[in-house]
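Protein sequences, first through last, are from chains A, B and C.
For the first sequence, UniProt numbering puts the final residue at 425, and the numbers step up evenly by one.
For the second sequence, UniProt numbering puts the final residue at 425, and the numbers step up evenly by one.
For the third sequence, UniProt numbering puts the final residue at 425, and the numbers step up evenly by one.
Please note: incorrect hints may appear among the correct ones.
Stated by the list, open to error - For lysine to any residue, the following SDA-like pairs were computed, each having C-alpha atoms within a straight-line distance of at most 25 Å: (1) Lys4/A <-> Arg262/C; (2) Lys404/B <-> Arg262/A; (3) Lys227/B <-> Glu229/A; (4) Lys401/B <-> Ser311/A; (5) Lys308/C <-> Val405/A; (6) Lys401/A <-> Val257/C; (7) Lys308/C <-> Gly11/A; (8) Lys227/C <-> Gln42/A; (9) Lys286/A <-> Ile298/B; (10) Lys102/B <-> Glu230/A; (11) Lys286/A <-> Gly107/B; (12) Lys109/B <-> Lys100/A; (13) Lys286/C <-> Phe104/A; (14) Lys401/C <-> Ile112/B; (15) Lys401/B <-> Glu197/A; (16) Lys286/C <-> Ile112/A; (17) Lys4/A <-> Ile301/C; (18) Lys100/A <-> Lys401/C; (19) Lys99/A <-> Glu230/C; (20) Lys401/B <-> Lys4/A; (21) Lys404/A <-> Val257/C.
It is worth saying that the hints were derived from the structure and are not from the lab.
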Amino acid sequence: MRFKFSLMAIGLEVVMIVLFGLFVEYDITQQVNATTPTKTDQFLQLYPLFQDVHIMIFVGFGFLMTFLKKYGFSGVGFNLFLAALGLQWGTIVQGLLHKKGKNFHIGIKEMINADFSTATVLISFGAVLGKTSPIQMLIMTILEIAVFAGNEYLVIEKFKASDTGASMTIHAFGAYFGLAVAGVLYRPGLRWEHKNEESVYHSDLFSMIGTLFLWIFWPSFNSAIAKPEENQYRAIINTYLSLVASVIMAYALSSLVERRGRLDMVHIQNATLAGGVAVGTCADMKIPLCAAMGIGSIAAIISVLGYKFLSPLLANKLMIKDTCGVHNLHGLPGVFGGLAGILALYFQMHTKSSMSRQAAALGSSIGSAVVGGLATGLILKLPFWDQPSDENCYDDSLYWKVPKVRELDPRFFQHVNHNHLEREV
Amino acid sequence: MRFKFSLMAIGLEVVMIVLFGLFVEYDITQQVNATTPTKTDQFLQLYPLFQDVHIMIFVGFGFLMTFLKKYGFSGVGFNLFLAALGLQWGTIVQGLLHKKGKNFHIGIKEMINADFSTATVLISFGAVLGKTSPIQMLIMTILEIAVFAGNEYLVIEKFKASDTGASMTIHAFGAYFGLAVAGVLYRPGLRWEHKNEESVYHSDLFSMIGTLFLWIFWPSFNSAIAKPEENQYRAIINTYLSLVASVIMAYALSSLVERRGRLDMVHIQNATLAGGVAVGTCADMKIPLCAAMGIGSIAAIISVLGYKFLSPLLANKLMIKDTCGVHNLHGLPGVFGGLAGILALYFQMHTKSSMSRQAAALGSSIGSAVVGGLATGLILKLPFWDQPSDENCYDDSLYWKVPKVRELDPRFFQHVNHNHLEREV
Amino acid sequence: MRFKFSLMAIGLEVVMIVLFGLFVEYDITQQVNATTPTKTDQFLQLYPLFQDVHIMIFVGFGFLMTFLKKYGFSGVGFNLFLAALGLQWGTIVQGLLHKKGKNFHIGIKEMINADFSTATVLISFGAVLGKTSPIQMLIMTILEIAVFAGNEYLVIEKFKASDTGASMTIHAFGAYFGLAVAGVLYRPGLRWEHKNEESVYHSDLFSMIGTLFLWIFWPSFNSAIAKPEENQYRAIINTYLSLVASVIMAYALSSLVERRGRLDMVHIQNATLAGGVAVGTCADMKIPLCAAMGIGSIAAIISVLGYKFLSPLLANKLMIKDTCGVHNLHGLPGVFGGLAGILALYFQMHTKSSMSRQAAALGSSIGSAVVGGLATGLILKLPFWDQPSDENCYDDSLYWKVPKVRELDPRFFQHVNHNHLEREV
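Based on the sequences and whatever the hints tell you, model everything.
Here you go:
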């Protein structure tokens with residue numbers, strides 16, 4: 001991959017710098033209103049929320065994808081690369097779409113939205129993890145964020161739909177985009193369990209670092225761009241309650257579906273988060289607190305059942321191999337979240353039109369994801385993107401210098417201690 | 001554990017949802033005062049403090065308990081489960097106790113207090129780690145939080161004692177509750193070192209993740225519910241200074257008590273935090289800054305000596321096996337913190353009554369913990385909670401699907417690299 | 001090291017407590033202005049930024065230094081010890097230098113500045129990692145912070161130079177101080193690759209925890225002490241953009257310079273952060289956004305090339321062995337950042353004097369670092385500080401009780417599972 005990847009990356013970065021030079025400016029409002037406390041507080045007041053989301057993107061998604069025994073460098077490493085690229089490209093694309101005048105500004109809201117556009121890519125990344133080259137992922141990042149921004153613009157500006165926590169525009173979109181790509185790139189050689197497609201004890205613990213930071217900060221994710229005060233407060237509380245409920249249900253279901261009632265780390269690492277995904281659309285709506293908990297519970301059940309029964313079907317019947325099972329964490333709970341949003345509006349006696357706008361948002365999110373994903377997949381299928389051979393999938397050593405000795409010789413240390421004892425005798 | 005655990009968990013979650021439906025409401029004040037800046041700022045202003053505490057609960061306690069070589073999944077995994085359950089149950093119990101009208105509200109303070117009630121359970125969890133089944137821990141969570149809330153109500157509302165950082169109501173209480181449970185569940189088979197009761201190199205590093213996040217955010221823990229401005233500021237400074245002092249003393253003592261002056265990871269992982277525990281009660285009092293540092297230093301000394309000399313005694317003479325040594329991190333420093341609080345009031349010429357109220361708080365915290373812990377232990381001793389056999393203690397494979405191969409074959413990677421070389425030759 | 005280290009640590013802590021008792025007070029302003037919202041908000045408003053920096057110091061630097069296969073306990077453990085010592089000593093030294101009256105106060109700004117002075121020591125720690133005893137590092141901490149505070153006083157109060165993100169006063173200073181120490185302590189026995197001087201797969205993943213938290217919170221580091229509102233906002237945006245650019249360039253260059261285009265974890269763990277270092281000096285200046293990205297890109301290129309070509313030269317020709325390559329992460333990017341600051345002022349048509357003041361700041365930072373480092377190195381060379389023998393370098397077992405068995409026997413678990421199966425048959 002030597003020159004191809006390097007030169008593409010350098011070229012892209014140069015393009016980004018030029019685009020920022022041409023179109024992006026400091027957010028004047030930050031300076032103009034520097035006198036009125038309320039406005040200026042806003043940047044620093046939202047900054048902790050931004051950092052929470054930032055941690056989810058880089059530590060959360062990054063370590064969540066270190067579960068494979070020999071693909072940890074790529075899991076956390078490519079996540080960092082794709083996210084850094086996505087943040088720049090997302091700022092540009094979203095800025096150009098929403099800009100009024102010649103240029104647009106970058107403030108805390110734009111930084112949060114860039115993280116959101118990046119999240120979409122990282123979700124899709126989970127579906128193709130281990131089977132694609134850095135170049136393929138780089139191309140996917142550029143294409144997916146463009147499609148995402150288009151759909152988001154449609155959903156917010158045209159349909160005027162509500163999706164504060166982005167169950168539809170980020171989670172469902174990212175999942176189905178990734179699944180479409182994975183479907184096009186499907187290869188029979190990976191149909192059955194690959195020798196590298198398993199975890200080791202400590203790789204599962206590294207993955208839990210990702211799970212916990214995602215879980216802890218999900219209320220920030222769902223409330224970061226909510227209307228201040230009341231809505232933001234509700235988005236935090238509802239997400240918080242949905243998450244605690246989905247943890248309990250994920251454990252209960254995992255034990256229920258496994259032989260001898262053993263818990264499955266895959267379920268714990270993922271299904272515990274389903275509540276955060278599903279409550280996204282109606283996070284800031286005036287739903288009863290127990291409804292938020294119900295949404296979280298159902299999402300976790302759907303997610304565990306998806307991992308247990310649906311993923312094998314997808315892989316063997318539909319020829320879609322979903323490495324991280326993003327369909328179970330982001331796809332199904334995302335769609336469920338979109339439907340829950342419609343239901344919530346229904347119970348609040350909203351007009352039919354508002355409900356159908358939500359339905360349109362859900363439809364366009366899934367539709368644009370599938371179409372965009374298929375197109376992207378076809379481009380990635382082209383033979384000159386260095387796609388790894390079946391044998392080298394899920395293996396860092398193709399793209400990384402890996403330590404010659406992976407783990408220490410268990411007996412080594414006794415030996416050393418022994419020396420010390422001797423030295424003192 | 002298949003059906004028993006699953007059905008109990010599902011049943012409990014349903015009960016929680018019903019209770020939230022019956023009693024809990026959005027915090028109206030968040031909405032009513034949406035116009036007055038000061039009030040509405042409060043939620044977002046305290047939200048970062050809440051998230052700091054949240055990280056301590058899930059990442060801090062969770063990873064701190066991954067030090068055992070074969071119990072890491074359970075350490076961080078059951079911690080997540082118990083915390084998610086405790087947050088819901090703690091909100092309900094504390095809300096019902098303090099509620100004025102028919103219902104009660106959930107705001108940022110209630111969320112912080114729920115984290116506190118959960119911390120108590122996680123401390124006790126450390127005492128029984130590896131020797132109890134998920135069902136037993138689930139029952140312990142429900143019972144302990146009820147007793148905790150009762151004692152806390154007594155301490156705050158009746159004795160009107162000061163315990164901002166909760167040295168007495170959380171740390172001493174949680175430790176002695178857990179020790180009482182461990183004492184009742186004592187079994188001779190675990191008296192001597194169990195073959196699984198040891199760490200490996202990387203499990204100790206995972207544990208340090210927990211230690212560091214607990215250490216960093218302890219000032220937030222001790223100040224989160226302090227009176228705004230002056231008291232909150234003092235609670236942060238005093239905790240910060242107590243912690244830095246206890247780090248230095250923990251290292252000094254660990255090296256002093258070990259053969260050849262080697263540092264013991266158990267001391268570093270735990271005694272460095274003793275300062276945060278001990279300064280809790282007088283965190284927001286007007287004590288000299290050097291007094292806070294003195295409290296931290298003494299707490300670390302007590303803690304290291306406890307690990308070195310007291311824990312073996314407890315296990316062999318008193319028949320109390322304390323897996324994580326919570327007595328040395330939370331018990332002794334917690335009691336010392338309670339006494340330090342009385343001393344602080346004495347030097348500030350407070351009335352005898354205020355000092356005796358503090359003493360009553362310390363007494364009732366320890367008393368209710370021991371009584372509640374003994375009762376809980378007797379219930380957990382009942383034969384139908386699937387307590388693991390001696391042989392299977394401290395072993396994930398009883399409750400978790402664990403990777404068939406735990407670590408990679410050291411030689412594997414050289415082999416792969418070799419292939420690559422060949423391919424290019 | 002038993003008594004020597006312990007007694008020195010205890011003695012130092014006692015001295016710290018006395019010094020705090022003599023000179024340090026609560027920050028009265030926190031209390032006086034408790035009525036005016038803006039002032040009192042400040043503490044809690046800056047507290048999240050302080051915690052971000054705090055995480056960088058303890059988790060970021062700590063885990064970044066766990067990459068060596070057998071020096072992880074020392075990497076994260078001594079980092080904690082040195083940081084806790086540095087925070088106290090830094091508060092004292094900086095306070096005494098800046099105090100107006102008899103005493104000085106400790107508020108959020110002082111806490112942030114203490115973290116900064118500590119960062120300098122931790123950077124130098126990276127240069128001597130694995131080759132020095134805890135006693136030597138303890139002495140280095142005391143001496144380096146004194147020199148750092150002197151130079152910082154000169155730069156800020158006398159030269160009135162601008163260095164908000166401290167490219168010069170922290171990064172360049174810390175790097176060249178550490179390199180000078182390493183140069184004096186150079187020993188031919190470590191000239192060539194030491195058998196312990198390598199990583200294993202999971203130690204590189206632990207190190208990535210440090211990299212990611214450093215990367216995420218760098219904008220907080222560069223903006224924490226910036227002037228409120230406009231400058232702080234600019235410092236965050238510029239650092240954020242410089243960092244994303246340096247990630248892309250670090251990956252591109254790493255692949256470009258390695259055989260077969262493989263990525264090198266050392267470059268990813270370090271060069272991705274170079275943008276944060278280099279943009280420090282002009283972080284809060286009115287530079288074009290694309291300039292910030294350019295600075296980040298160039299810094300990453302310099303850093304990777306430094307690791308690939310300069311470090312070997314330093315070790316073999318200049319006899320300076322830089323364990324973590326701090327020269328490539330902090331030294332070169334720090335100097336480049338200082339020069340970029342001068343250039344920025346030039347383009348903004350500033351007076352020659354303001355530019356020469358910047359140059360003086362850069363000069364004094366490097367000069368004081370080299371002189372201070374050489375002097376410190378000579379003191380550390382004295383024979384009675386228990387410097388480890390060549391054979392025992394980069395090895396925890398000299399200073400820590402390490403688990404007898406470092407990793408689990410790969411076959412162990414199959415065995416256990418097998419038992420379970422049998423039991424159920």
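Quick rundown of the hints versus the structure:
Proposed proximity of Lys4/A and Arg262/C is supported: the alpha carbons are some 12 Å apart, at most 25 Å. For a cut-off of 25 Å, the pair hint linking Lys404/B to Arg262/A stands: about 14 Å separates their Cα positions. For the proposed pair Lys227/B and Glu229/A, the alpha carbon gap of about 22 Å is at most 25 Å, so the pair holds. Distance hint between Lys401/B and Ser311/A is fulfilled; the C-alpha atoms sit about 18 Å from each other, no more than 25 Å.
A C-alpha spacing of about 22 Å is found between Lys308/C and Val405/A, which places the hinted pair at or below 25 Å, so the restraint holds. Between the alpha carbons of Lys401/A and Val257/C the distance comes to roughly 12 Å, so the proposed pair stays at or under 25 Å and holds. Taking the CA atoms of Lys308/C and Gly11/A, the gap is about 22 Å. The hint holds against a cut of 25 Å. Restraint check for Lys227/C and Gln42/A: satisfied, since their Cα atoms lie roughly 16 Å apart, inside the 25 Å limit.
Only pairs whose Cα atoms come within 25 Å are accepted, and Lys286/A paired with Ile298/B is rejected, the gap being roughly 51 Å. Proposed proximity of Lys102/B and Glu230/A is supported: the alpha carbons are some 23 Å apart, at most 25 Å. For the given pair, Lys286/A sits about 15 Å from Gly107/B by alpha-carbon distance, which is consistent with the 25 Å threshold. Of the supplied pair hints, the one linking Lys109/B and Lys100/A is violated, its CA atoms being roughly 41 Å apart against a limit of 25 Å.
For the hint linking Lys286/C to Phe104/A, the alpha-carbon distance of about 17 Å falls within 25 Å, and the restraint holds. The straight-line distance between the Cα atoms of Lys401/C and Ile112/B is roughly 38 Å, outside the 25 Å bound, and the hint therefore fails. Between Lys401/B and Glu197/A, the direct Cα distance comes to roughly 16 Å. Compliance with the 25 Å bound is thereby established for this hinted pair. For the suggested pair Lys286/C and Ile112/A, the alpha carbons sit about 22 Å apart, so the restraint of at most 25 Å is met.
Taking the CA atoms of Lys4/A and Ile301/C, the gap is about 18 Å. The hint holds against a cut of 25 Å. Only pairs whose Cα atoms come within 25 Å are accepted, and Lys100/A paired with Lys401/C is rejected, the gap being roughly 64 Å. At most 25 Å may separate the alpha-carbon atoms for a hinted pair to count; Lys99/A and Glu230/C meet this at roughly 22 Å. Pair hint Lys401/B plus Lys4/A does not hold up; C-alpha atoms about 42 Å apart against a cutoff of 25 Å.
Simply put, Lys404/A and Val257/C have alpha-carbon atoms about 20 Å apart, close enough for the 25 Å limit, and the pair holds.
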